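Residue numbers (our numbering), protein chains in the order written: chain A, 1 to 334; chain B, 1001 to 1351.
Please note that the accuracy of each hint is not assured.
So, partial list: chain A residues that the calculated Cβ filter (under 8 Å) puts toward chain B [as the list claims (entries may be wrong)]:
1) Ser-105
2) Tyr-153
3) Pro-154
4) His-155
5) Ala-156
6) Ile-191
7) His-200
8) Gln-203
9) Glu-205
10) Ser-218
11) Val-219
12) Leu-256
13) Tyr-332
I should point out that these hints are in silico values taken from the structure, not numbers from a laboratory.
Please read these numbers as outputs of a predicted model, since none were measured by experiment.
Glycine is no exception: its CB is placed at the ideal position from the N, C-alpha and C atoms.
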Amino acid sequence: MSKGDNILDVKNIKMDFASKGVTVHAVGDVSFKVNEGETMGIVGESGCGKTTLGRCIVRAYEPTAGQVMYTTSEGELIDFLKIDKKTMKEYRKEIQMIFQDPYSSLDPRMTVLDIIKEPLLANYPHMPKEEMERKVMDIAAKVGLNTAYLKRYPHAFSGGQRQRIGIARALVLNPRIIVCDEAVSALDVSIQAQVINLLHDLQKEFDLTFLFISHDLSVVEYISDRVGVMYLGKMVEFAPTKKLFSHPMHPYTESLLSAVPVADPTKQMERIPLEGEIPNPANPPSGCYFHTRCRYCTERCEKEAPEYVEAEPEHYVACHRAKELKLKGFSYDE
Amino acid sequence: MEQDVKQNVTDDTIIKVRDLRINIKVDEGTLTAVRGVDFEIKKGETLGLVGESGCGKSLTSKAILGINDKKCKASGEIIFDADGMGPVNLLDLNPRGKEIRSVRGKQISMIFQEPMVAFSPMYTIGDQINEATRLHITKDKKESKKISLEVMKKVGIANAEKRYNQYPHEFSGGMLQRALIAMALVCNPKLLIADEPTTALDVTIQAQILEIMKELQKDFGMSILFITHDLGVVAGMCDRVAVMYLGRVVETAPAAELYAHPMHPYTQGLLGSVHKIGTKNQDRLFSIEGTVPLALNLPAGCGFYERCSKRIEGVCNAYDPELVDVGGEHKIACFACTGCPNAKKEGKADE
């Protein structure tokens, strides 16, 4: 298997949560492919199902339907959702997660050494202690932690350093894919830049594939090769980063882009305000889910759900009027 | 004393903060959270106070209203041109006294970061907005309801009559933030302090709220102190910007000037670490090395010394730079940018 090949093929993932007689369709029919060594970004507002999608992929949730086809390093094709838990454990070494909140995702009663070591203990119980500690030291140094401080507890570390601990914990098993769920959202800007640079370096060094879930469009634009936009549990648009940001084809993407605050008073974009708020996923609107807030809405949009198609090469979109609309994006300077 | 105070406020200045210092007693010693902050806000102007967490921006804003914790000892001057009292130093007022109460919530009001936490879950939204109305404007129940409903409509809460009787949990985050703004504006304040008002919201909702704030500012003619860590939001909202680091304002300038010619190494670093969509992807984002130090037993010298790329040894770690005007209302506190006249620094070292 070489770089650029398909590593993950997510097909028609569906995740319903039922509670008190109400079914919430958190993720409805999402499909996409991830290539080895790339960073795929997923953006959307809170409640759009992006975190649920990430968790379905690592099988932290059991999706209601769908397939997650994973190509092993030997080139074998397996479906994460079909295999039993024991086999899944074998493969989970290769797909790890980094979480949003560096405060709640680390056990306050474990030393940093133990936190980073835990995945090794769980997966390689027979590994000699010395080897384990050596691995932990190596990875801690790689992510920029001072190895002299590893015997301390998480409370002694700052937010940025805690996130490095989380990254080290994900990396210690030598995974191939890392799902980063809002991995830098809780950090201050100057620290955010440090962590993004770190992720970038690690990706190059270890040939990692990232699935980068975030609501911060600037960060996603910077780090991703391709980006998918989610709305109310569905993927509405998916394209290479530059294409998506310069020529969006879905009206939702257009307004999302126009809402991004630009750190330059002379380059303020015209805002395309979205009326109202994200509808209740337990009771989604008819037809196209976005029609209640769309300013290009027609009668057809209210009745008929648009299909998710490849409207242009490598540019997927779910909108009836994708081809006729000329939507505004960012202009790129060359 | 009274005479001094009056001279300090010119006609179009609403509030003037001079050498504000806040110390907090903790077990390990004294935390100098704010170390001499200076700024002023003019009528109808929006000043952005930018900085990372822990730089003292929230403490500064709370000091204005006198709502900091008892452990925080504030000194310096916050001169506010209060109705009925004339210019007063808000720090001189008893934080539980009558005078500050006539200012707090009426002439200066505040919007908080997390609308979910700012409201009490036990009372209806209407009741909570009314609290301000009944305290400051009218005791008449019907009239105060009328006023409250009017403001709710102004901030874009659809179906205000129904919403008036609902509880906070029935509101979404964006709607709650609108209600919070309504509560802050109901007394028509001269100064609105907005402490990270959109940080907890999605980008599309954030855009809505910012738009409303701009419109209301035009309507009500108030000044805004906008506190945030988001340089993008500041660019779209503020007339002037003050950048804070470790309890001090290190640079202040009109927004356009600051973004075009940032001078302080910290401001430059901060702007460099934000990726702008549409610009060519550099291989790496610029990042400021290290982290913000804890403001406990700080060594002498510039607070940014440890992380600064332009530091001058023997100068920057020995003397604390002051804000120096470099023309065009642009002020910076940095020896590397403005130079450090020997005579001046010797004099200060003696102090």
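Evaluation of the provided hints:
For Ser-105/A, the interface hint is violated, since its Cβ never comes within 8 Å of a Cβ in chain B; the closest pair sits about 18 Å apart. Interface hint status for Tyr-153/A: violated, as the beta-carbon distance to the closest one in chain B is roughly 17 Å, over 8 Å. With its C-beta approaching chain B no nearer than about 15 Å, Pro-154/A sits outside the 8 Å limit, and its interface hint is violated. Taking 8 Å as the C-beta contact cut-off toward chain B, the hint placing His-155/A at the interface is violated, the least distance being around 13 Å.
Annotation: interface hint on Ala-156/A violated; nearest CB of chain B at approximately 12 Å, more than 8 Å. Of the supplied interface hints, the one on Ile-191/A holds, with its beta-carbon coming within about 7 Å of a beta-carbon of chain B, less than 8 Å. This hint holds: His-200/A has a C-beta 7 Å from the nearest C-beta of chain B, less than the 8 Å allowed. Because the beta carbon of Gln-203/A sits about 12 Å from the nearest beta carbon in chain B, more than 8 Å, this interface hint is broken.
Restraint check, Glu-205/A versus chain B: the minimum CB separation of about 14 Å is more than 8 Å; hint violated. Hint status for Ser-218/A: holds, given a least beta-carbon distance of 5 Å to chain B, under 8 Å. Restraint check, Val-219/A versus chain B: the minimum CB separation of about 7 Å is within 8 Å; hint holds. Checking Leu-256/A against chain B: minimum C-beta separation of about 6 Å stays under 8 Å; hint holds.
The beta carbon of Tyr-332/A comes within 5 Å of a beta carbon in chain B, closer than 8 Å, and the hint placing it at the interface holds.
Violated hints, listed in ascending order, are 1, 2, 3, 4, 5, 8, 9; each of the other numbered hints is respected by the structure.
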